[in-house]
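As a plain string of letters, each chain reads:
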Amino acid sequence: MAYTPQYGPGTSVVAANRRKQMNPGQELERMRSITEEDVVLVLGHRAPGSAYPSAHPPLAEQQEPECPMRKLVAPTEGAKAGDRVRYIQFADSMFNAPSQPYQRTYTECYRFRGIDPGTLSGRQIVECRERDLEKYSKELIETEMFEPARVSLRGATVHGHSLRLAEDGMMFDMLQRCVLGEDGVVRYVKDQIGVPLDRPVEVGKPLDEEWLKAHSTIFHSLVGTAYRDDEEYVEYVKRIHSLRTKYGFIPKEE
Amino acid sequence: MTDATFPQCRIVPLRMLKPETSERLLTAIAAIPGIRRIMVNGPGLPATVPYGPARGSPNPNTNRQSIRIGDTDLALRVQVANVVIEMENASVVDALRELCDGFFTAFPYQLQTGRFMKNAPSLVDYTKYGPGVNPDLIGLADPRSRDGPVLLRERDC
Numbered sequence: 000m001a002y003t004p005q006y007g008p009g010t011s012v013v014a015a016n017r018r019k020q021m022n023p024g025q026e027l028e029r030m031r032s033i034t035e036e037d038v039v040l041v042l043g044h045r046a047p048g049s050a051y052p053s054a055h056p057p058l059a060e061q062q063e064p065e066c067p068m069r070k071l072v073a074p075t076e077g078a079k080a081g082d083r084v085r086y087i088q089f090a091d092s093m094f095n096a097p098s099q100p101y102q103r104t105y106t107e108c109y110r111f112r113g114i115d116p117g118t119l120s121g122r123q124i125v126e127c128r129e130r131d132l133e134k135y136s137k138e139l140i141e142t143e144m145f146e147p148a149r150v151s152l153r154g155a156t157v158h159g160h161s162l163r164l165a166e167d168g169m170m171f172d173m174l175q176r177c178v179l180g181e182d183g184v185v186r187y188v189k190d191q192i193g194v195p196l197d198r199p200v201e202v203g204k205p206l207d208e209e210w211l212k213a214h215s216t217i218f219h220s221l222v223g224t225a226y227r228d229d230e231e232y233v234e235y236v237k238r239i240h241s242l243r244t245k246y247g248f249i250p251k252e253e
Numbered sequence: 000m001t002d003a004t005f006p007q008c009r010i011v012p013l014r015m016l017k018p019e020t021s022e023r024l025l026t027a028i029a030a031i032p033g034i035r036r037i038m039v040n041g042p043g044l045p046a047t048v049p050y051g052p053a054r055g056s057p058n059p060n061t062n063r064q065s066i067r068i069g070d071t072d073l074a075l076r077v078q079v080a081n082v083v084i085e086m087e088n089a090s091v092v093d094a095l096r097e098l099c100d101g102f103f104t105a106f107p108y109q110l111q112t113g114r115f116m117k118n119a120p121s122l123v124d125y126t127k128y129g130p131g132v133n134p135d136l137i138g139l140a141d142p143r144s145r146d147g148p149v150l151l152r153e154r155d156c
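Protein chains in written order, with numbering that gives the first Met the number 0: chain A, 0 to 253; chain B, 0 to 156.
Looking at chain A on its own, in the form it has when it is part of the complex (with noise of 0.2 Å):
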């Protein structure tokens, strides 16, 4: 029989979201609609329009040496063409963000190639070649994975997912990277290390408390759905807790 995935345990809408967004095989809800452009000018990598710089010749005028792993393995675009790596850092808010760093680094390992995240408590970030970056940045930010009020793009500076949220209900950041306008729609004036942009970014309107609460994958006493409320959840972490507390002993079977 073939083997199918779980992705993770637990009954509560928290787990299915996670679920949801690691399974490869289920497409995730677009929310918003932002250029390559736009993209590349948040990233702050590359100026929009020019070219790629390169860190190596493209594979193809190089001599690659003889491996039975590069004949398997078939190079990325970014690869392809010998791009440099770049990044991009998000921070997701304590508060329903619909994503979060752990979360992220399963999801992207599930959909993404050619990537090397860094998970760390309050900020993620994923490295890879320039062009794929801007591939995957473009998914990260189009859809349900991105929230503009709860989730922001932090190269440096991240401070800010686990304090209150501002009076607008923004998430804290020193830098204030992204701004929400008048009309109710966020807009990017900073790059994500905080140097101002030549025009804004915008990246559309914050969601509703009731959708936050619906697709957020943290569990969250006070504000969406309690841990100690999915059994499933509690019973598998507890079971792997005990099943590692007990090697780090080397036990032996009688």
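Hints in this document: simulated from the structure, not taken from any laboratory. Check before you lean on any hint, since a few could be wrong.
To be verified - Here are the simulated distance ranges between beta carbons: (1) 220/A with 122/B: 36 to 42 Å; (2) 184/A with 87/B: 45 to 51 Å; (3) 115/A with 116/B: 55 to 61 Å; (4) 87/B with 235/A: 43 to 49 Å; (5) 100/B with 220/A: 21 to 27 Å; (6) 29/A with 147/B: 34 to 40 Å; (7) 188/A with 116/B: 32 to 38 Å; (8) 184/A with 146/B: 24 to 30 Å; (9) 60/A with 141/B: 39 to 45 Å; (10) 123/B with 36/A: 44 to 50 Å; (11) 248/A with 56/B: 51 to 57 Å; (12) 184/A with 147/B: 37 to 43 Å.
Positions of the beta carbon are idealized from the N, C-alpha and C atoms, including for glycine.
Could you slot chain B onto chain A? The hints should help.
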């Protein structure tokens, strides 16, 4: 050393406040008789990017503004998250609670009582003010800042 008998309380709104809201709140608090000291706390909003690739470049931020309390200007360097208040006597807490009940209508707040300000000079106070510091200054200003606390005269409020 600060007289430890002065009661203190802390207002913690569920959301961090905009400068305009902070101005209205602080003006209303300062107008209550019996307030000795007010300290505004929150995450910092530096004028320049402090670290990262854009380090040293200007950091325009609509939340870093100058607000006016009575006749006195106060340059906000933080996004207001908590307001710590020292009072002449504990009965002022009731007036503060009444004020907050009317003020925070869009989102809830907590009013906590306890000790929230330093009552003895620490090493940073010693390096900033030297020996024999005025006890009312302790714990009020950011030790890294060159500015002192803002003084509100009673007739300003």
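Next item on the list: Take a look at whether the Cβ-Cβ distance between residue 184/A and residue 147/B falls inside 37 to 43 Å.
Entry: Cβ of residue 184/A to Cβ of residue 147/B: about 41 Å, so the range 37 to 43 Å holds.
Next item on the list: May I ask you to test the hint 55 to 61 Å on the CB atoms belonging to residue 115/A and residue 116/B?
Entry: Hint violated: Cβ distance 47 Å, outside 55 to 61 Å.
Next item on the list: Evaluate the given range 34 to 40 Å for the C-beta pair formed by residue 29/A and residue 147/B.
Entry: At 54 Å between Cβs, range violated.
Notebook entry, point to check: Do the Cβ positions of residue 60/A and residue 141/B conform to the proposed distance bound of 39 to 45 Å?
Noted result: Since the Cβ atoms of residue 60/A and residue 141/B sit about 57 Å apart, the hinted range of 39 to 45 Å is violated.
Note to self: Given the hint of 36 to 42 Å, is the C-beta distance from residue 220/A to residue 122/B inside that range or not?
What the structure shows: Between residue 220/A and residue 122/B, where Cβ atoms are some 39 Å apart, the hint holds.
Check: Is 45 to 51 Å a correct range for the gap between the Cβ atoms of residue 184/A and residue 87/B?
Finding: At roughly 48 Å between Cβ atoms, residue 87/B and residue 184/A fall inside 45 to 51 Å, so the hint holds.
Next item on the list: Evaluate the given range 24 to 30 Å for the C-beta pair formed by residue 184/A and residue 146/B.
Entry: 36 Å, violated
Check: Do residue 100/B and residue 220/A keep their Cβ atoms within the hinted range of 21 to 27 Å?
Finding: 26 Å, holds
Note to self: Within 51 to 57 Å: is that where the Cβ-Cβ distance between residue 248/A and residue 56/B falls?
What the structure shows: Distance hint for residue 248/A, residue 56/B holds at roughly 53 Å.
Note to self: Against the range 44 to 50 Å, how does the distance between the Cβ atoms of residue 123/B and residue 36/A compare: consistent or not?
What the structure shows: 48 Å, holds
Next item on the list: With respect to the beta-carbon atoms only, verify the hint that residue 87/B and residue 235/A lie 43 to 49 Å apart.
Entry: At 56 Å between Cβs, range violated.
Next item on the list: Given the range 32 to 38 Å, decide if the beta-carbon distance of residue 188/A to residue 116/B lies inside it.
Entry: 37 Å, holds
Violated hints for the displayed structure, listed by number in ascending order: 3, 4, 6, 8 and 9.
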